[in-house]
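Undergrad: These are the residues of each chain, in order.
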Amino acid sequence: MIHDFGIVWSERALLLSGLANTAILSALSAVAALVLGCGLAPALMSKQPALLWTARFFVDGMRCVPFLLFAYIVYYGFPTFGVRLDNWTTGLAALSIYNAAYMAEILRGAWVAQPREPIEAGIAFGFSEIRLFRRIILPPLLLSAGPVIGNQMIQIIKDSAFLTIIALPELTHAASSIQSRHYVPFAAFITAVFLYWGLCLVIEAGVTSIGRLADARR
Amino acid sequence: MAASSKVLDVAGVSKRFGDLEVLSDVSFTVDKSETICVLGPSGSGKSTLLRCINWLEQPDAGQIYLNGARVGINSSGTVMNDRDLSQIRTRIGMVFQHFALWPHLTVLQNLMEAPVQVQRRPKAEVRDEALALLAKVGLSEKRDAFPAKLSGGQKQRVGIARALAMRPDLLLFDEPTSALDPELVGEVLVVMRDLAREGMTMVIVTHEMGFARDAATRVLFMDRGRAVETGSPEQFFSNPETERAQQFLQRYAGDTAARR
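Chains as they are written, first to last, in my numbering: chain V, 1 to 218; chain Y, 1 to 260.
Honestly, the hints are just simulated from the structure, not real lab data.
Here the structure is a predicted model, which means the values were calculated and not measured.
Don't take each hint at face value.
[Stated by the list, open to error] Using C-beta positions, here's what the derived DEER-type ranges look like:
#1 Y:GLN250 / V:GLN114: 36 to 44 Å
#2 Y:LYS149 / V:PHE186: 47 to 55 Å
#3 V:ASP60 / Y:THR78: 56 to 64 Å
Glycine residues also receive a C-beta, built at the ideal position from the N, C-alpha and C atoms.
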């Protein structure tokens, strides 16, 4: 057993590059998903039926598709529409678009639970449209939804493992290569699990510091 | 009275929510430096009237003019877009019953937010003015606190300072002391009295009869969506014209006596 971990250790460069890919991919798509979600949330709260239903359709659609299938669809589907992206970009796009739906829904839920008066004060003080959303509505949403957003970011990290199926060289892909090369499945995968866990701890730390910001304002 | 001194002109405003007529044909004017207290039983349409003035509620009929300019409707007769409405709203300050401070911003940031972000005034100038306003409402030492850490009375004083920071032509107060514990009402009324004395133009919806009696220049009594009676506080409180107002004041005197 110790010997197996020794083999994994000898392949640490491969694992670390997989970890780096997972970390960068997750970070970029978390930011992209959150930004897209911030853009979608007002549409989910819109009074214009066309906008509302388009956003609703997208969000509900995404949430009902398994990510693995969605990744396949993006990987095989984009080229048929003439969009050619490398594996890495395809993976990033799939993760971002898919999780944007969740982020939007999280923000919508937090929005509905917000007291109405501060937003109304924003309107009374001359804020409107994008400025109202960006300056008055969004900041309290991000603070109150912080823990749930963090949770979704952990989900993004875990979803990124599926991208091994489009041969994106992320952490699961690296662990998988090591096990097939050396027949050390347990050692390779358990090492990967601990590395994923480490990434999640970073997110947890981020959530804790956002929680502290929110507590100061509660 | 010169027409130029008229800050607010509400003419025949009506508003219904479904089957319920909340305001029917309400008209009144406010001259510069006047303090108008709007009195009346709960559900008489006082808050809705206030919210129609800055178009938080869109009136179904009637006109509202701020310094002679129509609020909410363009010269072409169509409803204003958000941008034009925002422009007008920055000239009308509003103080809310439940304070409605922005929870993610400090006290000082609450004061500076609209002047900097909406009015686009220079930050340094706004900051100096905001600090002066905080000193005026006695909250200089709370400038870096978040609203959640303040008492109700302190929150409302910040609410008033926030409205003043926009240098409004008119201040609207929507039951500013109704959500406060009785012992905190006084500190807010002191600030409002000072503003009245300084000649701020104000429309105040309130249940504080004592305040209305000695700080208002005029009282507007509302009942069931109508402006029933208007006059000086002396006249209204000692010799109300309408039966509705008499009943209202009697009930109030009874309540006050009972509380003592």
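Undergrad: Is 36 to 44 Å respected by the C-beta to C-beta distance linking GLN250 of chain Y and GLN114 of chain V?
TA: 41 Å, holds
Undergrad: Given a hinted range of 47 to 55 Å, is it respected by the beta-carbon distance of LYS149 of chain Y and PHE186 of chain V?
TA: Check passed, 53 Å falls within 47 to 55 Å.
Undergrad: Evaluate the given range 56 to 64 Å for the C-beta pair formed by ASP60 of chain V and THR78 of chain Y.
TA: Since ASP60 of chain V and THR78 of chain Y have Cβ atoms about 36 Å apart, the given range 56 to 64 Å is violated.
This entry does not satisfy hint 3, going by the numbered hints stated previously; all others are met.
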